[in-house]
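Visitor: Each residue of the first sequence is one higher than the last, beginning at 78 in my numbering.
No wet-lab data here; the hints were simulated from the structure.
Bear in mind the structure is a predicted one, so any value in this text is a computation, not a measurement.
Any given hint could turn out to be false.
[Stated by the list, open to error] Here are the simulated DSS-like pairs of lysine-lysine, each with C-alpha atoms no more than 25 Å apart in a straight line:
id : residue 1 : residue 2
1  : K426      : K329
2  : K106      : K135
3  : K85       : K106
4  : K180      : K329
5  : K136      : K123
[Stated by the list, open to error] What follows is a list of derived Cβ distance ranges for each label pair:
id : residue 1 : residue 2 : range
6  : P93       : D336      : 58 to 68 Å
7  : G279      : D470      : 45 to 55 Å
8  : L246      : K376      : 41 to 51 Å
9  : G279      : D336      : 27 to 37 Å
10 : H259      : D330      : 39 to 49 Å
11 : K376      : I565      : 50 to 60 Å
12 : G560      : K376      : 54 to 64 Å
13 : N291      : I375      : 28 to 38 Å
14 : T168      : E515      : 18 to 28 Å
15 : V508      : I565      : 14 to 24 Å
Glycine is no exception: its CB is placed at the ideal position from the N, C-alpha and C atoms.
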Amino acid sequence: MMIRQELKSLLTKLFPRDDIVINQVPKDKEGDYSTNLALIRAARDKSRPLDVARDIAKKIEHPMIQAVTVHPPGFINFEISREYLVKLLFTDDFKFDIGSGMKILVEFVSANPTGPLNIVSARAAAVGNALVNMLNAAGFAAASEYYINDSGRQTELLAESVRQRLIELDGGTAEIPREGYHGEYLVGLAREIKSKDISDLGEIREYAVQYFMNDHRRVLDDFGVTFTNWIRESSIRKKGYVENVLRMLEEKDLVYSRDGARWIRTAQFGDKDDRVLVTRDERYTYLLPDIAYHLDKIKRDYRVLVDIWGPDHQAQIKSLQSSLVALGYKADILKVLIVQQVQLRKNGKVLKMSKRAGAIETLDDLLSQVPRDVVKFFMLMRSNSQHLDFDLDLAVKQTEENPVYYVQYAHARIKSIIRKAPQHDDVPADVTGRYITEPEEIALVKTIVKYPEVLEDAVRTYEPYMITYYLIDLARAFHYFYGTCRVIGDDQNVTRARIALIQKTADILQRGMNVLGVSCPDRM
RNA sequence: ACCCCUGUAGCUCAGCAGGAUAGAGCGGCGGUUUCCUAAACCGCAGGUCACCCGUUCGAGUCGGGUCAGGGGUACCA
Numbered sequence: 078m079m080i081r082q083e084l085k086s087l088l089t090k091l092f093p094r095d096d097i098v099i100n101q102v103p104k105d106k107e108g109d110y111s112t113n114l115a116l117i118r119a120a121r122d123k124s125r126p127l128d129v130a131r132d133i134a135k136k137i138e139h140p141m142i143q144a145v146t147v148h149p150p151g152f153i154n155f156e157i158s159r160e161y162l163v164k165l166l167f168t169d170d171f172k173f174d175i176g177s178g179m180k181i182l183v184e185f186v187s188a189n190p191t192g193p194l195n196i197v198s199a200r201a202a203a204v205g206n207a208l209v210n211m212l213n214a215a216g217f218a219a220a221s222e223y224y225i226n227d228s229g230r231q232t233e234l235l236a237e238s239v240r241q242r243l244i245e246l247d248g249g250t251a252e253i254p255r256e257g258y259h260g261e262y263l264v265g266l267a268r269e270i271k272s273k274d275i276s277d278l279g280e281i282r283e284y285a286v287q288y289f290m291n292d293h294r295r296v297l298d299d300f301g302v303t304f305t306n307w308i309r310e311s312s313i314r315k316k317g318y319v320e321n322v323l324r325m326l327e328e329k330d331l332v333y334s335r336d337g338a339r340w341i342r343t344a345q346f347g348d349k350d351d352r353v354l355v356t357r358d359e360r361y362t363y364l365l366p367d368i369a370y371h372l373d374k375i376k377r378d379y380r381v382l383v384d385i386w387g388p389d390h391q392a393q394i395k396s397l398q399s400s401l402v403a404l405g406y407k408a409d410i411l412k413v414l415i416v417q418q419v420q421l422r423k424n425g426k427v428l429k430m431s432k433r434a435g436a437i438e439t440l441d442d443l444l445s446q447v448p449r450d451v452v453k454f455f456m457l458m459r460s461n462s463q464h465l466d467f468d469l470d471l472a473v474k475q476t477e478e479n480p481v482y483y484v485q486y487a488h489a490r491i492k493s494i495i496r497k498a499p500q501h502d503d504v505p506a507d508v509t510g511r512y513i514t515e516p517e518e519i520a521l522v523k524t525i526v527k528y529p530e531v532l533e534d535a536v537r538t539y540e541p542y543m544i545t546y547y548l549i550d551l552a553r554a555f556h557y558f559y560g561t562c563r564v565i566g567d568d569q570n571v572t573r574a575r576i577a578l579i580q581k582t583a584d585i586l587q588r589g590m591n592v593l594g595v596s597c598p599d600r601m
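Whenever a hint applies, use it, and build me the whole structure from the sequences.
Guide: Take a look at the structure:
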């Protein structure tokens with residue numbers, strides 16, 4: 078149950094034609110939630126906001142509201158009743174459903190199988206993973222998917238690059254194509270392929286693709302990110318979807334020839350230019366199989382397709398989206414999130430992503446130096462559109478100022494208290510709020526109760542970082558409470574109530590951390 | 001040239017759909033432990049919200065422009 082939602086429907090009943098907005102009250106002000114309804118109405122009929130506010134305030138009555146107050150210039154503030162809060166805390170499970178089981182597919186990482194995963198993929202993995210968890214916690218049926226581009230020009234270049242490394246191993250000179258893959262990491266792969274006695278280019282390609290697929294899967298596994306589906310582009314192609322799509326587009330007169338290539342009229346549907354689907358030498362560009370792939374997702378009954386891409390793919394959003402619109406789908410069936418780049422920072426300086434000097438470049442490298450909980454948490458501390466500075470010095474610190482441990486520590490502290498506490502299983506805590514009275518306790522209760530609201534905001538905006546911030550907030554509320562209120566004491570009733578309170582706290586901490594994919598240990 | 005992201009405290013960033021005296025963490029300074037985990041808590045210092053114009057009763061938030069940083073503009077992905 079969300080208090081915010083209750084207030085909103087209460088006011089909507091009184092003022093059905095207004096769009097009610099409920100806000101949090103600033104920390105030092107009276108009350109918990111507020112509305113600017115009076116300001117809006119007063120501006121509309123040129124009356125005095127304070128008078129309007131007082132009028133409205135008089136009409137409001139509800140058991141959850143302890144007090145309604147009016148504040149200049151015309152805010153109406155609601156103070157939620159303590160009894161109501163405590164009852165809510167002890168009787169509600171804080172689960173909610175705004176998704177009604179709607180199928181959503183979140184596709185992320187989907188790195189080309191041509192090299193190791195980098196740290197931008199790490200961010201995408203953390204965000205995508207959290208997003209799926211978030212959506213499921215909010216009642217959607219979300220699945221995760223990893224798409225492998227194993228059929229295009231990039232894997233051809235990969236195969237050729239590996240073949241050149243094989244020549245090199247046999248004493249020849251490697252002539253890697255200029256646009257090919259020059260990284261040293263292919264030497265090890267080439268050696269492996271040589272030992273298997275593979276020399277056919279097609280077989281090299283398949284071997285290399287498998288190799289990197291396995292590598293990506295292993296590293297992501299180490300990172301604690303698993304996918305519902307792994308889909309290879311070649312499987313889409315084998316089903317003939319690509320040709321089908323081309324035919325569909327042609328039937329709708331959305332394709333034309335120019336300069337020996339086949340173009341799609343995306344410019345009519347919001348893209349900047351028309352795009353090439355089939356090149357002069359009869360090769361498909363990325364776009365055509367990509368359209369086919371997204372139609373395949375739709376065919377699998379997903380109602381919303383969320384793609385998480387890096388900033389370097391920003392220009393492709395319009396192309397894909399307009400293609401889907403051209404085929405008759407609504408633009409909002411596809412939501413593309415651009416998760417911005419990541420920079421590593423050490424000693425206050427940005428690290429250049431150089432392969433030399435043992436600089437961290439891959440997710441594997443990063444995980445060898447920083448625990449995965451820390452990596453995930455840090456990756457989820459920024460909004461998606463924010464460029465992220467990953468502070469290695471801070472990340473490596475096991476103590477003090479590392480915010481991951483701040484949250485984990487709150488949880489561990491609670492578990493420790495519960496281990497020490499006498500057993501109270503048989504007698505439930507008093508639900509009336511009689512024994513939850515200290516300001517530190519109330520503050521904690523209010524923070525806990527806000528969880529569904531935060532989750533709702535995070536889902537609405539596709540922004541997992543909101544959960545991260547909330548958890549830090551919740552941990553702070555608990556540590557603050559801990560500083561002044563003793564849980565285990567002489568008064569049985571107070572002890573029972575406080576144990577129930579911190580159990581709820583631990584429960585929400587645990588659930589929030591689960592959403593982020595970060596562990597929440599019982600002991601530290 | 002055009003497109004996307006960013007510009008808020010010394011540093012890294014929040015500020016949700018325009019609202020009240022702009023917040024947090026880190027760093028700095030000063031305190032707290034016979035007491036359930038000090039990986040904690042409390043206090044102090046620190047701001048022309050890049051700049052200009054506009055819309056509004058009200059702008060860090062919306063619109064236009066300027067400047068700065070990053071990314072992108074393939075018949076590669």
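Visitor: Hints first: check each against the structure and report whether it holds.
Guide: Each hint tested on the structure:
no.	hint	result
1	K426 x K329	violated, 54 Å
2	K106 x K135	holds, 20 Å
3	K85 x K106	holds, 20 Å
4	K180 x K329	violated, 29 Å
5	K136 x K123	holds, 21 Å
6	P93 x D336: 58 to 68 Å	holds, 60 Å
7	G279 x D470: 45 to 55 Å	holds, 47 Å
8	L246 x K376: 41 to 51 Å	holds, 44 Å
9	G279 x D336: 27 to 37 Å	holds, 30 Å
10	H259 x D330: 39 to 49 Å	holds, 44 Å
11	K376 x I565: 50 to 60 Å	holds, 58 Å
12	G560 x K376: 54 to 64 Å	holds, 57 Å
13	N291 x I375: 28 to 38 Å	holds, 29 Å
14	T168 x E515: 18 to 28 Å	holds, 21 Å
15	V508 x I565: 14 to 24 Å	holds, 21 Å
In this structure, the hints that do not hold are numbers 1 and 4, in rising order.
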